[in-house]
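Enquirer: Taken in sequence, the protein lines are chains A and B.
Counting from 3, one number per residue, gives the positions in the first sequence under the numbering used here.
Counting from 16, one number per residue, gives the positions in the second sequence under the numbering used here.
Hints are computed from structural coordinates only; laboratory data are not their basis.
Treat the hints with care, as some may be off.
Said to hold, decoys possible - SDA-like cross-link-like pairs, simulated, lysine to any residue; straight-line CA separation at most 20 Å: (1) A:K44 x B:T270; (2) A:K44 x B:R189; (3) A:K160 x A:N65; (4) A:K160 x B:T270; (5) A:K44 x B:L271.
Stated by the list, open to error - Output of the computed footprint for chain A on chain B, the stretches with three or more beta carbons under 8 Å from beta carbons of chain A: (6) 44-57; (7) 113-123.
Every residue, glycine too, gets a C-beta built ideally from N, C-alpha and C.
So you can see what is in the structure, the chains are spelled out below.
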Amino acid sequence: MTTPTPPASLPPPPPPPPALDPAFVAAPTIAVDEVSVWFGQKVALSELSCSFGAGVTGLLGPNGAGKTTLMRAITGLLPVNQGHVHVAGADPRADRSVHRRLALVPEDEAVPRGLTPRQLCHYVADLHRVTDRGIVDWALQTVEMVPAADRRMDGFSKGMRQRAKVAAALVKNPLVLVLDEPLNGADPVQRLHLISLFKRLGDEGRTVVVSSHVLHEVESMAERVIVIVRGRLAAAGGHHAIRDAMDDVPRQVLVRASELRRLAAALVGLDAVGALSVTDDGLVVSTLRARDLAVALPRTARDLGIRLTEVRPLDDSLESLFRELVR
Amino acid sequence: MTAAAGVGPPPTPGASRRARPPLVAVVGYTLRTALPGRRWVGVLLPCAAAVLFGLLVRGLEGDPADEFARVAALALFPLVLPVTCLVVGDAVLGAEVRSGAFSFTWLSPVPTWQIALGRWAGGTILASGSMAVACALAAAVAGAGESAGAAATGGAFGAAAYVAVFVAIGCIARRAAVWSLAFVFLVERLLGAALSGIAQLSPSWEARAAFVDFADAPADLVREGIPHGTAALVRLVVITAVALAVAAVRLRHLTLAGSSD
Numbered sequence: 003m004t005t006p007t008p009p010a011s012l013p014p015p016p017p018p019p020p021a022l023d024p025a026f027v028a029a030p031t032i033a034v035d036e037v038s039v040w041f042g043q044k045v046a047l048s049e050l051s052c053s054f055g056a057g058v059t060g061l062l063g064p065n066g067a068g069k070t071t072l073m074r075a076i077t078g079l080l081p082v083n084q085g086h087v088h089v090a091g092a093d094p095r096a097d098r099s100v101h102r103r104l105a106l107v108p109e110d111e112a113v114p115r116g117l118t119p120r121q122l123c124h125y126v127a128d129l130h131r132v133t134d135r136g137i138v139d140w141a142l143q144t145v146e147m148v149p150a151a152d153r154r155m156d157g158f159s160k161g162m163r164q165r166a167k168v169a170a171a172l173v174k175n176p177l178v179l180v181l182d183e184p185l186n187g188a189d190p191v192q193r194l195h196l197i198s199l200f201k202r203l204g205d206e207g208r209t210v211v212v213s214s215h216v217l218h219e220v221e222s223m224a225e226r227v228i229v230i231v232r233g234r235l236a237a238a239g240g241h242h243a244i245r246d247a248m249d250d251v252p253r254q255v256l257v258r259a260s261e262l263r264r265l266a267a268a269l270v271g272l273d274a275v276g277a278l279s280v281t282d283d284g285l286v287v288s289t290l291r292a293r294d295l296a297v298a299l300p301r302t303a304r305d306l307g308i309r310l311t312e313v314r315p316l317d318d319s320l321e322s323l324f325r326e327l328v329r
Numbered sequence: 016m017t018a019a020a021g022v023g024p025p026p027t028p029g030a031s032r033r034a035r036p037p038l039v040a041v042v043g044y045t046l047r048t049a050l051p052g053r054r055w056v057g058v059l060l061p062c063a064a065a066v067l068f069g070l071l072v073r074g075l076e077g078d079p080a081d082e083f084a085r086v087a088a089l090a091l092f093p094l095v096l097p098v099t100c101l102v103v104g105d106a107v108l109g110a111e112v113r114s115g116a117f118s119f120t121w122l123s124p125v126p127t128w129q130i131a132l133g134r135w136a137g138g139t140i141l142a143s144g145s146m147a148v149a150c151a152l153a154a155a156v157a158g159a160g161e162s163a164g165a166a167a168t169g170g171a172f173g174a175a176a177y178v179a180v181f182v183a184i185g186c187i188a189r190r191a192a193v194w195s196l197a198f199v200f201l202v203e204r205l206l207g208a209a210l211s212g213i214a215q216l217s218p219s220w221e222a223r224a225a226f227v228d229f230a231d232a233p234a235d236l237v238r239e240g241i242p243h244g245t246a247a248l249v250r251l252v253v254i255t256a257v258a259l260a261v262a263a264v265r266l267r268h269l270t271l272a273g274s275s276d
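Throw the hints in and build the complete structure from the sequences for me.
Expert: Structure below.
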């Protein structure tokens, strides 16, 4: 009888799963697979692949980039010419039951003529067989629309129309909420309120996709950003991660210190520094290696006995990222 | 699709309501939104024109019933009826598709046949009601009260068929109003006048044929080669059903592009 011998050593641990492409999420609610959409000669989306999961995802891009087209393809309002879109595993064009928990707040200013927000919400509730009497009031209250709930929407400002449409979308109690420029026309207080609402909806486990041209607002509400330029996926991930990934894009850092000219002379010799200029505001350092600069700059200043008073990226915002991608 | 735990608005115990059936909701919505403010003018003007045509009959010599029949055959059914229905038919769908407001209805689990039927029913209540009253009033004003029922019946059935056709066109073409006008004046008036086969598919010609038969109009108004009387009404119902079926199928494949991309 042979006694089984224990293995000399434990089997090696399984290799770590390959890092997920930032354009995709681990548990997607919306899957966009190689989607192309064109209108005649104009290509609106070109072989775009990405996915969206729980939480808020910002959709960015210049006018005509394809954001609205993508959102309409996701909701099934537009057919795709190539590729596939799946929402909760179903094709939103073919399976109308998907619309039970899928809501869109369209960018168009149009609202049903002659209707009040309350009537619109009741209509949507009826279409979705919502029997909870309180949900319409809850939705109107959530977007702070109660005082104007019984006024006809024809005379509403764009911001009020957007809020009414958000209320109508909430009536569905959606799992997937697609918001096309929902902050357009909203006043600053309402913007903050809506941003907070969208974050809360994302935190609740819903998939919230928001497009906006007001990029700093997207920064404040979306953990994840998808950037589309000319119908193609330009970048994806957190906005800092996207920025870091763009190694070939020069970044600018403003440095304020006690002895600017001496510091500039020392920095010129560093590999991490591409170019620098002394301005009235301070020392502007251009670099392609931001991480290296972040290490070298304080070390150099310390060695020279120079006190750094401020080190601030000049372009670490989505606006600048956007400009770089479009360029 | 299931929601994540804890997601959703706070429940309101004991506050459940009976949701209206979606079809009823669509009809109610259509009645509310189709003709806001100035669009009513587009309906009332041709209806007023119908009454004016009735008044014109008073200036004609001859039997008022015969003269009214001629005016109805030449003006009410080929002109007033399609124009009125064009305003309503475009308003119930085409205009909403163009404006983008139709997405509120389309993005729902309601089957497209119910949407098409609801939109048509709402539009038909408006158009058939207006046309029936206008045609009957025109007959009464003309002094041909005995033709009022026939005129109202032809007008109402013709309007129902027209609204269905215009709803179908709204599902097929982006510029629905232009295509609807082309249907009325090129297909019905131009081709329909020359070809019986086209006239058989025309709400205008069939409504007129029903009226002519029911009103015992002069024989020269009877057009050979198309159904008359009740058969014409049946034909109008068939046109309505076919148009609604086309609309329901097309609605499923409707493309609702945004304004910015």
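Enquirer: Any hints this thing doesn't respect? Which numbers, in order?
Expert: Of the numbered hints, just 4 does not hold.
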